[in-house]
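Colleague: These are the residues of each chain, in order.
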Amino acid sequence: MRKVVILGLGHTKFCFNSPKTGVEMLAEASVEAILDSNLNPRDIQSAYIGNVLGTFCEGQATVSQFACDDIGCLNIPAIRYEGACASGSIAVREAFMWVASGFYDVVLVGGVEKATAMGTSLATRTFCMGTDSKYEFGTGLTFPGFFALLTRLYATQYNLPLSRLKEQMALVSVQSHKYGMKNPHGQIKQEISVDEVLKSMPVCTPLNLHDCCPFSDGAAAAVLCSEEAARKISSKKPVYISGIGLATSGKMSSQYKYLPRLRARELAAQQSYQMTGFKPEDVDVCELHDCFSIASFIAAEGLGFFEPGKAGEAWEKGDADIGGKIPINISGGLKAKGHPIGATGVSQLYHITKQLRGEMEENGVQVDGARVGMIDTLGGDGCICNLILTTDGI
Amino acid sequence: MDYKLPFKEYNKALRKNKLLGLKCNDCGSITCPPKMACQECQGLDLEIVELTGQGKLLSFSTHYIAPLGRDNEIPYTVALVELDEGPWLLGNLIDINPRKMDMGLIGQKVTTAGRVFPGDTYSDGPIARPVFSLVE
Numbered sequence: 000m001r002k003v004v005i006l007g008l009g010h011t012k013f014c015f016n017s018p019k020t021g022v023e024m025l026a027e028a029s030v031e032a033i034l035d036s037n038l039n040p041r042d043i044q045s046a047y048i049g050n051v052l053g054t055f056c057e058g059q060a061t062v063s064q065f066a067c068d069d070i071g072c073l074n075i076p077a078i079r080y081e082g083a084c085a086s087g088s089i090a091v092r093e094a095f096m097w098v099a100s101g102f103y104d105v106v107l108v109g110g111v112e113k114a115t116a117m118g119t120s121l122a123t124r125t126f127c128m129g130t131d132s133k134y135e136f137g138t139g140l141t142f143p144g145f146f147a148l149l150t151r152l153y154a155t156q157y158n159l160p161l162s163r164l165k166e167q168m169a170l171v172s173v174q175s176h177k178y179g180m181k182n183p184h185g186q187i188k189q190e191i192s193v194d195e196v197l198k199s200m201p202v203c204t205p206l207n208l209h210d211c212c213p214f215s216d217g218a219a220a221a222v223l224c225s226e227e228a229a230r231k232i233s234s235k236k237p238v239y240i241s242g243i244g245l246a247t248s249g250k251m252s253s254q255y256k257y258l259p260r261l262r263a264r265e266l267a268a269q270q271s272y273q274m275t276g277f278k279p280e281d282v283d284v285c286e287l288h289d290c291f292s293i294a295s296f297i298a299a300e301g302l303g304f305f306e307p308g309k310a311g312e313a314w315e316k317g318d319a320d321i322g323g324k325i326p327i328n329i330s331g332g333l334k335a336k337g338h339p340i341g342a343t344g345v346s347q348l349y350h351i352t353k354q355l356r357g358e359m360e361e362n363g364v365q366v367d368g369a370r371v372g373m374i375d376t377l378g379g380d381g382c383i384c385n386l387i388l389t390t391d392g393i
Numbered sequence: 000m001d002y003k004l005p006f007k008e009y010n011k012a013l014r015k016n017k018l019l020g021l022k023c024n025d026c027g028s029i030t031c032p033p034k035m036a037c038q039e040c041q042g043l044d045l046e047i048v049e050l051t052g053q054g055k056l057l058s059f060s061t062h063y064i065a066p067l068g069r070d071n072e073i074p075y076t077v078a079l080v081e082l083d084e085g086p087w088l089l090g091n092l093i094d095i096n097p098r099k100m101d102m103g104l105i106g107q108k109v110t111t112a113g114r115v116f117p118g119d120t121y122s123d124g125p126i127a128r129p130v131f132s133l134v135e
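Protein chains in written order, with numbering that gives the first Met the number 0: chain A, 0 to 393; chain B, 0 to 135.
Possibly wrong hints are sitting among the right ones.
What follows is a list of derived Cβ distance ranges for each label pair [claimed, not checked]:
1) A:LYS198 x B:ASP119: 29 to 35 Å
2) A:THR155 x B:ALA112: 53 to 59 Å
3) A:ASP281 x B:THR110: 49 to 55 Å
4) A:ARG230 x B:CYS26: 36 to 42 Å
5) A:PRO18 x B:GLY103: 38 to 44 Å
6) B:GLY106 x A:GLU312: 24 to 30 Å
7) B:MET35 x A:THR54: 26 to 32 Å
8) A:GLY249 x B:ALA112: 20 to 26 Å
Bear in mind the hints are in silico, worked out from the structure with no lab data behind them.
Cβ coordinates follow ideal geometry from the N, Cα and C atoms, glycine included.
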């Protein structure tokens, strides 16, 4: 396999009620990534696009081909990838494979969603399509509900009083809002306190509104290429995709005894760690899937950063903040940066690559000396993708 | 190879308050809701068994935001139960005021019956769902 470099990056603002169409947002992020790569649209050989609900948001399937045609990437293979909220990182993994194999040298990867166009009720319904339609949806289970069930399982499993756990979970939202303020692409620009999280309206007990990420509109894109092509095209410090992992699970009841841990995540992370030879302590910065506050704890533990049941204490001690053991979601995460589901994995790639390039100084959020970064994205009941990025091309 | 217990049959039985599962002839464990392979050992030699519906409550969440068309059900409570025969089952906890629910419920014994969600624009028909009641 060849080494794969992230050459250029693009990112629209994440927001409520975007005035742009999904195709336009994707096209704008893509052109930004192509220009950042010192390339032209005609240099792109193939495109890999995460998008989940275009059909429901705007009655638009296959956004990939329309956006590529709009920006002058004419007649290339431009395919949409769908793995619920992990669609973007799944598209990145797919693009990686095609370049690593030697089949293509320069490809575009992107993701887009325009979920707020649906309104909360339809958006909630369509997100439920990521649960089992026959054995779960009948009960009215939603995704905040899924993680609410995991919250009580977590409290029981690790013998934590629910009130203590909820206070720890609130710290996740507080930290994410703090960093969302510093992200020029971020959706929510508001500091928040533990008390405000705990007193926000209940969505699915024991989760409140501020335990939950918003519905979002937005797009992100990147150009991937072979190491050889990167040397010819750009003088920028290369950032490599060095590890990839992907695993899936079935419905919640089918994962039974393993819960509240998510086996698909642990397997996906093992794949990346094995591919790079790294251990959790080698990772300098991480963007993980904090769709709900408790999801951050389960993810940080599943990736091996903290012992099971101990992530709450880690957030209390500042171990997940800049200067701590492993800075997590310094972009503001899904909670404050926003979560346009098809774009999220690519947005995570954008932010980790910027950290590894050392370009986050201007936003005041640079993790000093970051050389190894991790991305973790979760879709539906269990489709979990992991990527390890490095500056050294291991 | 056909499913031993397809959704249609499971659904029909649950509508009559009968909870069906699958017993694995390789390892003896029970799978419910049904799958094509045993959820414990992935064996394919399964036979249909009727389950007691008795179990203990593992987790629950009262929903205050519903998917499109289901606002009339709010607040409703989704629950996970570990059945006496082993498998975990997702359903609705009923017959108890959501405001009186707390962590003290975890571990309490429940029984199972069936109720029907009539379906919506995106469903292809009615779906029977397990409902759990606390054993007094």
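Colleague: Note whether the CB distance of A:LYS198 and B:ASP119 lies within 29 to 35 Å or breaks it.
Modeller: 33 Å, holds
Colleague: Quick check: does the Cβ-Cβ distance between A:PRO18 and B:GLY103 fall within 38 to 44 Å?
Modeller: Between A:PRO18 and B:GLY103, where Cβ atoms are some 50 Å apart, the hint is violated.
Colleague: Is the gap between the beta carbons of A:THR155 and B:ALA112 within 53 to 59 Å?
Modeller: Violated: the Cβ-Cβ distance is about 25 Å, outside 53 to 59 Å.
Colleague: Do B:GLY106 and A:GLU312 keep their Cβ atoms within the hinted range of 24 to 30 Å?
Modeller: For B:GLY106 and A:GLU312 the Cβ distance comes to about 25 Å; the hint holds.
Colleague: Could you check the hint for me, namely that B:MET35 and A:THR54 are 26 to 32 Å apart, CB to CB?
Modeller: 29 Å, holds
Colleague: Does the Cβ distance between A:ASP281 and B:THR110 fall inside 49 to 55 Å?
Modeller: 51 Å Cβ-Cβ, so the 49 to 55 Å window holds.
Colleague: Just to be sure I understand the hint, the distance between the Cβ atoms of A:ARG230 and B:CYS26 should be within 36 to 42 Å; is that true here?
Modeller: 55 Å, violated
Colleague: Taking the CB of A:GLY249 and the CB of B:ALA112, does the distance hold inside 20 to 26 Å?
Modeller: 25 Å, holds
The structure does not agree with the numbered hints 2, 4 and 5 stated previously, though it agrees with the rest.
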